[in-house]
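*Asks:* Produce the entire structure from the sequences given, and follow the hints as far as they go.
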Amino acid sequence: MRPEQERVRIAKLEELRKLGIDPYPADLYEVNTTSAEIKTECAHLNAGEKVEEGKYKQVSVAGRLMGRRIQGKAGFAELQDPEGRVQIYMNRDELCPGEDKSYYNNVYKKLIDLGDILGVKGYVFKTQTGELSIWVTEYTLLTKAIKPLPQPKTDEDGKVYDAFTDPELRYRQRYVDLIVNPKVRDTFIKRTKLMNTMREYLNEKGYLEVETPILQPLYGGAAARPFKTHHNTLDMTLYLRIANELYLKRLIVGGYDGVYEFSKDFRNEGMSRFHNPEFTQIELYVAYKDYEWMMNLVEEMVEKVALALHGTTEVQVGEHVINFQRPWKRYTMYGAIQHFTGIDVSGMDEAQLRATCDKLEIKVDDSMAKGKLIDEIFGEKCEPFLIQPTFITDYPVEMSPLAKKHRTEPGLVERFEAIANGKEICNSFSELNDPLDQRERFEEQVNLGKRGDDEAMTLDEDFLRALEYGMPPTAGLGIGIDRLSMIMTNSPTIQEVLFFPQMKPEKQPVYATEEDYKAIGIREELIPIIQELGYFEIEKLKVVKATKLHQDVSGMRKKMKLKEVKNPSLEEVEGWLA
RNA sequence: GAUUUCUUAGCUCAGUUGGUAGAGCAUCUCCCUUUUAAGGAGAGGGUCCUGGGUUCGAGCCCCAGAGGAAUCACCA
378 MRPEQERVRI AKLEELRKLG IDPYPADLYE VNTTSAEIKT ECAHLNAGEK VEEGKYKQVS
438 VAGRLMGRRI QGKAGFAELQ DPEGRVQIYM NRDELCPGED KSYYNNVYKK LIDLGDILGV
498 KGYVFKTQTG ELSIWVTEYT LLTKAIKPLP QPKTDEDGKV YDAFTDPELR YRQRYVDLIV
558 NPKVRDTFIK RTKLMNTMRE YLNEKGYLEV ETPILQPLYG GAAARPFKTH HNTLDMTLYL
618 RIANELYLKR LIVGGYDGVY EFSKDFRNEG MSRFHNPEFT QIELYVAYKD YEWMMNLVEE
678 MVEKVALALH GTTEVQVGEH VINFQRPWKR YTMYGAIQHF TGIDVSGMDE AQLRATCDKL
738 EIKVDDSMAK GKLIDEIFGE KCEPFLIQPT FITDYPVEMS PLAKKHRTEP GLVERFEAIA
798 NGKEICNSFS ELNDPLDQRE RFEEQVNLGK RGDDEAMTLD EDFLRALEYG MPPTAGLGIG
858 IDRLSMIMTN SPTIQEVLFF PQMKPEKQPV YATEEDYKAI GIREELIPII QELGYFEIEK
918 LKVVKATKLH QDVSGMRKKM KLKEVKNPSL EEVEGWLA
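Per the working numbering, the first sequence starts with residue 378, numbered consecutively.
What the hints contain is simulated information worked out from the structure, not anything from laboratory work.
Idealized CB from N, CA, C, for every residue including glycine.
Worth double-checking, as some hints may not be accurate.
To be verified - Below, simulated DSSO-like cross-link-like pairs (lysine-lysine); rule was C-alpha separation at most 30 angstroms, straight line:
no.: 1; residue 1: Lys605; residue 2: Lys749
no.: 2; residue 1: Lys503; residue 2: Lys487
no.: 3; residue 1: Lys395; residue 2: Lys487
no.: 4; residue 1: Lys434; residue 2: Lys416
no.: 5; residue 1: Lys582; residue 2: Lys800
no.: 6; residue 1: Lys582; residue 2: Lys567
no.: 7; residue 1: Lys706; residue 2: Lys567
no.: 8; residue 1: Lys536; residue 2: Lys524
no.: 9; residue 1: Lys582; residue 2: Lys605
no.: 10; residue 1: Lys641; residue 2: Lys560
no.: 11; residue 1: Lys416; residue 2: Lys450
no.: 12; residue 1: Lys567; residue 2: Lys487
no.: 13; residue 1: Lys536; residue 2: Lys560
no.: 14; residue 1: Lys800; residue 2: Lys881
no.: 15; residue 1: Lys881; residue 2: Lys641
no.: 16; residue 1: Lys758; residue 2: Lys740
no.: 17; residue 1: Lys681; residue 2: Lys641
no.: 18; residue 1: Lys895; residue 2: Lys800
no.: 19; residue 1: Lys498; residue 2: Lys427
no.: 20; residue 1: Lys478; residue 2: Lys389
no.: 21; residue 1: Lys536; residue 2: Lys432
no.: 22; residue 1: Lys641; residue 2: Lys605
no.: 23; residue 1: Lys749; residue 2: Lys782
no.: 24; residue 1: Lys530; residue 2: Lys389
no.: 25; residue 1: Lys641; residue 2: Lys416
What the hints assert, rightly or not - Using C-beta positions, here's what the derived DEER-type ranges look like:
no.: 26; residue 1: Leu396; residue 2: Asn944; range: 33 to 41 angstroms
no.: 27; residue 1: Tyr633; residue 2: Thr606; range: 28 to 36 angstroms
no.: 28; residue 1: Lys881; residue 2: Pro380; range: 23 to 31 angstroms
*Replies:* Printed below as a string of structure tokens:
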């Protein structure tokens, strides 16, 4: 049973059809401008002045009706198009020059609702209060909305009332969120602009955007648990990729000297405000470069992104202003740990590191090896305090099985991460291209797996074979697009930068059909009463006491004023439940 | 997974020691030809998340469950 408001709108739908107005017309609607264009191009008008000639004397705009202020024989309304809102002026005698005023009185005032999609034609003018508006000479209903929208209102100071804020509803019905919350729409425009800026930057440098498999027989390139699926024809297990690193490196072996991919990756792990099971990364590999070179690229590219989105390198994130202007601060990992804890961990063995973790009150478990322990210390004591963009370089070899050993520092690899707002935004290294070293590292990972680390990497023979043909020295980079978008749009959760974040499934009750009700002997005219009482499922109905149901139905019949409907007898009700 | 907390009208929210369920906006009717959180008059609209319990009586107290949120754990 639909709520009354929706029933009213469906009735209006029929009313419109009777008047010969198709509420869902098929023909295209020619639009020649937008709300934003009108606001910039007609700003010169004085209050009370109208456009006398040119394009803005005959504008055509389409959008959703979002606000309406009717004043008898005329009224104002707001039309929302992708660029924003523009006020429209509807005048009865303008729209209905003849005797018949029904197109205004009946259709516009009664049959058109907030949320409907309209096309309007007319001329631009400025009202006496100085608001640019369209004086409508003709309007067309383009789509009738059956469900009412939430109605947030904004006052002069930009304060929002009755905002549509429930996160569950906002994420499940993102379309509604996008209609009524302009900031949300802007966030996603910024996200796309962010990716486009990167794409343009990398294309300009001549790198090739590529696509690699999402369904992979072996997952690799990162440490994470995968989603597992099955291919019927080949009767084999496939995994959704957790990274695309190993495939992109194969392409470097193949002779491209710069490849990148924006990729959806999938990790079967916990969800939080920083984690969604599917997320987006960009990975970039450039031949004949090293991680030092890549750091400079990251600085330049991210600075460009900030400028493209905000026109400045300074971005407000929560309570901080983060400045992405080059150059960024750089620490080695050991240097950062020394800086924040005063402890030099560079020469420590596993036992000493465990003791240090105890001293710093960091929880560790037995499956953690040396590299993991150092990472824990860094993650606990350093990372959260790095607000301004900072590079952390030179990680322990144990936690970076795909990175090249440091050219001068034994036990370390040539790897860096960029941290901003206390979170990693990118990960990069001089790629390991020694096939024998790579095999050993994979074997260490396999041992870690046996020790209980369920995120240890698997050994990929084909990848090793590729390396054995020779991969040139290569710098690789991965940037978390969602995390970077969060920072660049000042969004506190990853859900705010994903159109459709993963949610628990929505509970959908199985509604009984009219036939289901009739099947147990309920008269057709009683069905609306049963539904009004909330018995949408036969199973729910069956467990009610006959006397209560009999009372309820009779009572509801009276309440619904269904005088022509005859109340069921108690025996009749007992018959339904038998 | 743990802890805390929330769930009342289409939306945002009140709801007193347990005593007939409220407001604004939205909807419907009427008035209003430059308003803009338009305004004025009136009306309709509720499974108080669900199921038990205590009580003469539960939106409120107790128990269980569902869903959401936050924090933690997990997560390079």
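*Asks:* Hint by hint, note whether the structure agrees.
*Replies:* Results for each hint:
| no. | hint | result |
| --- | --- | --- |
| 1 | Lys605 x Lys749 | holds, 26 angstroms |
| 2 | Lys503 x Lys487 | holds, 27 angstroms |
| 3 | Lys395 x Lys487 | holds, 14 angstroms |
| 4 | Lys434 x Lys416 | holds, 14 angstroms |
| 5 | Lys582 x Lys800 | holds, 28 angstroms |
| 6 | Lys582 x Lys567 | holds, 23 angstroms |
| 7 | Lys706 x Lys567 | holds, 26 angstroms |
| 8 | Lys536 x Lys524 | holds, 26 angstroms |
| 9 | Lys582 x Lys605 | violated, 37 angstroms |
| 10 | Lys641 x Lys560 | holds, 25 angstroms |
| 11 | Lys416 x Lys450 | holds, 26 angstroms |
| 12 | Lys567 x Lys487 | violated, 38 angstroms |
| 13 | Lys536 x Lys560 | holds, 13 angstroms |
| 14 | Lys800 x Lys881 | holds, 26 angstroms |
| 15 | Lys881 x Lys641 | holds, 20 angstroms |
| 16 | Lys758 x Lys740 | holds, 12 angstroms |
| 17 | Lys681 x Lys641 | holds, 23 angstroms |
| 18 | Lys895 x Lys800 | violated, 60 angstroms |
| 19 | Lys498 x Lys427 | holds, 14 angstroms |
| 20 | Lys478 x Lys389 | holds, 18 angstroms |
| 21 | Lys536 x Lys432 | violated, 34 angstroms |
| 22 | Lys641 x Lys605 | holds, 16 angstroms |
| 23 | Lys749 x Lys782 | holds, 17 angstroms |
| 24 | Lys530 x Lys389 | holds, 25 angstroms |
| 25 | Lys641 x Lys416 | violated, 38 angstroms |
| 26 | Leu396 x Asn944: 33 to 41 angstroms | holds, 39 angstroms |
| 27 | Tyr633 x Thr606: 28 to 36 angstroms | holds, 29 angstroms |
| 28 | Lys881 x Pro380: 23 to 31 angstroms | holds, 25 angstroms |
In this structure, the hints that do not hold are numbers 9, 12, 18, 21 and 25, in rising order.
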